[in-house]
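Counted the way the numbering used here counts, the sequence shown spans residues 730 to 877.
It should be emphasised that the hints constitute simulated quantities derived from the structure, not laboratory data.
Source: prediction; values computed, not measured.
Among these hints, one or two may not hold up.
[As the list claims (entries may be wrong)] Cut-off 20 Å, straight-line C-alpha distance, at most; resulting in silico cross-link-like pairs (SDA-like, lysine to any residue):
#1 754 to 767
#2 754 to 766
#3 754 to 730
#4 754 to 742
#5 754 to 743
#6 754 to 768
#7 754 to 771
#8 754 to 764
#9 754 to 775
#10 754 to 776
#11 754 to 779
#12 754 to 769
[As the list claims (entries may be wrong)] Pair by pair, the computed Cβ-Cβ distance ranges are:
#13 852 to 811: 33 to 43 Å
#14 811 to 764: 35 to 45 Å
#15 873 to 769: 19 to 29 Å
#16 873 to 757: 44 to 54 Å
#17 872 to 765: 37 to 47 Å
#18 861 to 763: 33 to 43 Å
#19 731 to 835: 17 to 27 Å
#20 760 to 808: 40 to 50 Å
#21 861 to 812: 21 to 31 Å
#22 824 to 742: 13 to 23 Å
#23 861 to 818: 14 to 24 Å
#24 849 to 765: 12 to 22 Å
Ideal Cβ placement from N, Cα and C applies to all residues, glycine included.
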Amino acid sequence: MYRLALAMTGNSHVAEDISHDLLLKLWSAQPATELTWPYIRAAVANAVYDQHRRSTDRLRILRTNADELGSASDPTTDRDIEASIDVQRALARLPGTHRLVIVLHYLEDLPFHEVAAILQRPPGTIRRIGREAVGQLTRDLTPTEREN
730 MYRLALAMTG
740 NSHVAEDISH
750 DLLLKLWSAQ
760 PATELTWPYI
770 RAAVANAVYD
780 QHRRSTDRLR
790 ILRTNADELG
800 SASDPTTDRD
810 IEASIDVQRA
820 LARLPGTHRL
830 VIVLHYLEDL
840 PFHEVAAILQ
850 RPPGTIRRIG
860 REAVGQLTRD
870 LTPTEREN
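Generate coordinates for the entire structure from the input sequences, incorporating the hints supplied.
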C-alpha cells in the first residue's frame, strides 16, 4: 500500500499519511477476508486522488534520502541513482491524473480498462491520458543537445 502511494505521490511523507489513514479506514470498515488487492489498489488511487484535489500545493519532488537509497537489494551506480531521481522528478511534474495512470498501468501492470474502472473514467480517456503522460515523460527525460 505504501509503495503504491509513494509511486503515485512522489512524496514519502504524504504516502505515509495516506497509507496510515487508509489502513485504519480499511481495517475498521472491512473484514480482512474481504480485502482484495484490486480493492486496496483502487482505495489507494482514490485516496491519492482526493489528497491531490484537496491540496493547494503541488506535490513536491521526491528527495531521496540515504536510507531509501541504501535499502536497494542490488548495488547501484551513481548513474543509476541519478537516472532514478530524474524519473521520480519527471513523474512528480506530471499532473495528478497523468501520474496515477502511469503508475497503475506501467508500474502496477494494470490494463487500461482496469485503470479506467479505478479512476471512474472512460477507457479512451485513460488511453489518451497515458499517451500524453508518456509523451511528457519522454520529452522530460530525453537529453537535449545542450546537455550532451
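Hints violated by the structure (numbers, ascending)
Hint 15 alone not satisfied by this model.
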